[in-house]
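Undergrad: One letter stands for each residue in the lines below.
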Amino acid sequence: MKVVLTKVMLALVLIGLGVGINVTYESYRGTGLSSVPELGPRRLEAAQSQASGSPVQSRSEPSSKEAARPDAPVVRPDLAALRSAAVSELTLYPTLAKGMRTPFDLWRYYGRGVSSFSSPILPMRFEQWLEFHRKQKPSLMKDVRSYMAMRFDFSGSTLPDATMSGGKSVMAGPVARLSDEVASYEALAELTPEEVRERDLFPYKPLAHPLQTVAHMVFPESWIKVHPEHRRIDVDMDFPDAYLPEFPPPLFLTTHKELGDVANGREVTIDNYYEIFDGLLTPEQMEGLKELLRPSPTTWFNHTDHRVTELPSRGVACFDCHVNGHTNGAFELGPDSRPNMARLRTDTPTMRGNFNLMQLSSKRSIRSMDHFSEVEEYFDGDPGMQQAIGPRAVKREVTNRMGDFNAILDYPPAPKLDPLMRLVPAKATKAALRGEALFHGKAQCSKCHSGPAFVDDYMHDLQVERFYVGRPEGPIKTFPLRGIKDSPPYLHDGRCPTLHDTVEFFNLVLQLKLTEQEKDDLVAYLLCL
Amino acid sequence: MLFFYFGFLKFYPDLSPAELIAGQTLTKLLLNWSEVRATLAVLAILECGIGAALVLNLMPRTTFVLFLVHMAGTFLPLFLLPEFTFKIAPFAPTLEGQYILKNLVFVAAAWTVLRPEKFSDAGGTTPVGQSVIDEKAKSDRGSS
Chain A
31 MKVVLTKVML ALVLIGLGVG INVTYESYRG TGLSSVPELG PRRLEAAQSQ ASGSPVQSRS
91 EPSSKEAARP DAPVVRPDLA ALRSAAVSEL TLYPTLAKGM RTPFDLWRYY GRGVSSFSSP
151 ILPMRFEQWL EFHRKQKPSL MKDVRSYMAM RFDFSGSTLP DATMSGGKSV MAGPVARLSD
211 EVASYEALAE LTPEEVRERD LFPYKPLAHP LQTVAHMVFP ESWIKVHPEH RRIDVDMDFP
271 DAYLPEFPPP LFLTTHKELG DVANGREVTI DNYYEIFDGL LTPEQMEGLK ELLRPSPTTW
331 FNHTDHRVTE LPSRGVACFD CHVNGHTNGA FELGPDSRPN MARLRTDTPT MRGNFNLMQL
391 SSKRSIRSMD HFSEVEEYFD GDPGMQQAIG PRAVKREVTN RMGDFNAILD YPPAPKLDPL
451 MRLVPAKATK AALRGEALFH GKAQCSKCHS GPAFVDDYMH DLQVERFYVG RPEGPIKTFP
511 LRGIKDSPPY LHDGRCPTLH DTVEFFNLVL QLKLTEQEKD DLVAYLLCL
Chain B
802 MLFFYFGFLK FYPDLSPAEL IAGQTLTKLL LNWSEVRATL AVLAILECGI GAALVLNLMP
862 RTTFVLFLVH MAGTFLPLFL LPEFTFKIAP FAPTLEGQYI LKNLVFVAAA WTVLRPEKFS
922 DAGGTTPVGQ SVIDEKAKSD RGSS
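Chains A and B, in that order, give the protein sequences.
Okay, so the first sequence: first residue is 31 according to my numbering, each after it adds one.
Okay, so the second sequence: first residue is 802 according to my numbering, each after it adds one.
In case anyone wonders, no lab produced these hints; they're calculated from the structure.
These figures come from a predicted structure and were not determined experimentally.
Take the hints with a grain of salt, since some may be wrong.
[Stated by the list, open to error] Output of the computed footprint for chain A on chain B, the stretches with three or more beta carbons under 8 Å from beta carbons of chain A:
no.: 1; region: 817-825
no.: 2; region: 849-860
no.: 3; region: 903-914
[As the list claims (entries may be wrong)] Listed next, the in silico PhoX-like pairs over lysine-lysine satisfying Cα-Cα at most 20 Å (straight line):
no.: 4; chain 1: A; residue 1: 128; chain 2: B; residue 2: 903
no.: 5; chain 1: A; residue 1: 472; chain 2: A; residue 2: 543
no.: 6; chain 1: A; residue 1: 128; chain 2: B; residue 2: 829
no.: 7; chain 1: B; residue 1: 888; chain 2: A; residue 2: 165
no.: 8; chain 1: A; residue 1: 165; chain 2: B; residue 2: 903
no.: 9; chain 1: A; residue 1: 172; chain 2: B; residue 2: 829
no.: 10; chain 1: A; residue 1: 167; chain 2: A; residue 2: 32
no.: 11; chain 1: B; residue 1: 829; chain 2: A; residue 2: 167
no.: 12; chain 1: A; residue 1: 425; chain 2: A; residue 2: 477
Quick reminder that beta carbons are idealized off the backbone N, C-alpha and C, glycines included.
Next up, chain B with everything else stripped away, as it sits in the complex:
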């Protein structure tokens, strides 16, 4: 849900607080070749797609892979824009840095809820129960 929420914000210029960091990282990745607005729109589609798929439990396998790729991407600014993500690297992150690091929680949660063996073992319930991140908990319920 949050994924969809924050992703959707990126469609609107100037509404998402992650616009600066996300846009610059993508621009750097693409070697200044692309237009920031366009790449942000692609990112927004990706995030909304992942978010919606997680909530509705569509294509869990593909979604999971996309999710992991995307999560890896979110950590790139730590390496590509250290001046903006750290006050002093690597132990004193800025607010943006912390915002990125908290994605570790997402990854951990997703891993617990969606870990691969679950796909073969349909109908299994998770002991995680706790809906730390509501989207994953919901998608889990959807599958059971």
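So that you can see chain A by itself, here it is in the shape it has in the complex:
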């Protein structure tokens, strides 16, 4: 009897303990201490009401070419699409320390950080940090390669007669792999977004940084070959060189169109820039160029222990990613969100033609190049880290000059376009001309891609999460299409390795129902821009 009583008492104590923890937890989550956000019904409602409307107004009536009238009824997406905004299907970010591996499908996760600020302190001694990555990197890279091979078929096949401005082959596509459950991209396009989502068939889910606890810049192999000081101890590039921009790319100046590639096949560096540009630039542009070439310490490339290179690093210069004012395909994370794991992977965009852009960077809507140079974007959005790691020390006059040089970087030549950016029929192929008609017609591309740079300078929420279970990425700026063949991979995170993939992407997302022939025609047109 006594024994039973004791047991009952003890069981009650255990239950009490459980209830106590539960109650404590409810008041703990959602506070600054906890990575678990508070998700009351109010928050969910707010998230859902934002997810209304479709990216292209006339989606439900593809025959109408005119822009939607303001009094037109708002097409509300159905409940299944709304649910994509709900957090119930997402998983909380795992608790991890710097250096530890992160899931490759981070878009299925959510949560908040313990703090908005980062710290220059490693979770272990530097020798251990090296040892940790010496053990982890081979298995990580093996898994990265098989993950990429699962998502993409990097067969290496190229498009006949298509080259980038400097002569590198343009890759053929689409290379994103389809699930065995659908026979073709055309069959996939027949399904509704809900079906694609439920059956997990979407081939263009986001790409995450392969090591998001450290994240930061990852350089392509072509760059590392020339700049071994940027080899990381923890992670390498996941894209093969063939699917990245040419290196070194040509450099065109708006002020010297007659000279063509001013760099003449060379990489512009702090050692040779003066010789190449003296007599071509104003002193202010020259100073700006020098600043774009001068390395400075970054969160993980610096002299301290808080680094991802074996030896201390002098840092990184703007042109180490935006090489020759273009891009080498290095990627980073957009610095505009917290926690670190919620930051989107972003490919380096070209700087060519930035003079025509009103929106800079995919989500931050920065409005001027001098502002951009000032915001220290590659310090991972944490000015506090500069105090610990070494300042960039860029004053307003200097960033203005960086902007001055940036402002004369021209697009590559597009000899088939007339001043109104229409194809000159005598110079273009039949396919390209058909593609142009589609671009302005059935495919609706020109709704967002128009004007001299083929960009509308707006941010659009393409609501891609209608097609897969994931955290909505929200509005992203339209990227310009002038000179687009030179800057693969495409979209902010590079999830579309080839131009064919971008056409398949928009065919699905905008539900255009293009035929195979029409898609090829569109690509033929994009190659002329």
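Fit chain B to the supplied structure of chain A, relying on the hints for placement.
TA: Frame of chain A, contents of chain B only:
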């Protein structure tokens, strides 16, 4: 009791201080195959089960075996994540390292209180008396 307590915490994301080490060790053991949250939930169930069983003296034999297996598991981070459990291996553990090493006390206590011969020799009292770890002392009382 402590076992149940700390185990229960693992059900709640971000509440248990052992989440990082335990989650990573399990992930490594399962060769990155599983989802951390799910494996932590399994661990939490196991710990709560062992804790409750110890307190209520249910199935002492099975519990004892599970307990020993689990204890062996807790020492794995010393080998799998030396960078996080040692400042300098093997003599300078970090706080996490010490947290793991203190499990030796658990094992020793459990061994004294629950050592196998006691199962055949029901009703025997232990000279250990001292409730170093209250859970075991309690389960002991339950059996006598």
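Undergrad: Checking one constraint from the list: CA of residue 888(B) to CA of residue 165(A), max 20 Å. Satisfied?
TA: 17 Å, holds
Undergrad: Between the alpha carbons of residue 829(B) and residue 167(A), is the straight-line distance 20 Å or under?
TA: With a Cα-Cα distance of about 14 Å, the restraint between residue 829(B) and residue 167(A) holds, given a limit of 20 Å.
Undergrad: Need the status of pair residue 425(A), residue 477(A): alpha-carbon distance at most 20 Å?
TA: With Cα atoms ~39 Å apart, residue 425(A) and residue 477(A) exceed 20 Å; violated.
Undergrad: If you draw a straight line from the CA of residue 472(A) to the CA of residue 543(A), is it 20 Å or shorter?
TA: 9 Å, holds
Undergrad: Taken at face value, is the distance from the CA of residue 829(B) to the CA of residue 128(A) at most 20 Å?
TA: 16 Å, holds
Undergrad: For the pair supplied as a hint, residue 167(A) and residue 32(A), is the alpha-carbon distance within the 20 Å limit?
TA: Violated, at roughly 59 Å.
Undergrad: Please count how many residues of the region 849-860 of chain B have a CB within 8 Å of a CB from chain A and say whether that reaches 3.
TA: holds (count 5)
Undergrad: Between residue 172(A) and residue 829(B), does the CA-CA distance stay at or below 20 Å?
TA: 15 Å, holds
Undergrad: Next pair to validate is residue 128(A) with residue 903(B); report whether the Cα-Cα distance is within 20 Å.
TA: Measuring from Cα to Cα gives roughly 26 Å; hence the hint is violated.
Undergrad: Given the hinted pair residue 165(A) and residue 903(B), is their Cα-Cα distance within 20 Å?
TA: 28 Å, violated
Undergrad: Per the coverage rule (Cβ-Cβ under 8 Å, at least three residues), is the region 817-825 of chain B covered by chain A?
TA: Per the Cβ count (4), the hint holds.
Undergrad: Can you confirm whether chain A covers the region 903-914 of chain B, using C-beta to C-beta distances below 8 Å and requiring at least three such residues?
TA: violated (count 0)
When held up to the earlier numbered hints, the structure conflicts with 3, 4, 8, 10, 12 and fits the remainder.
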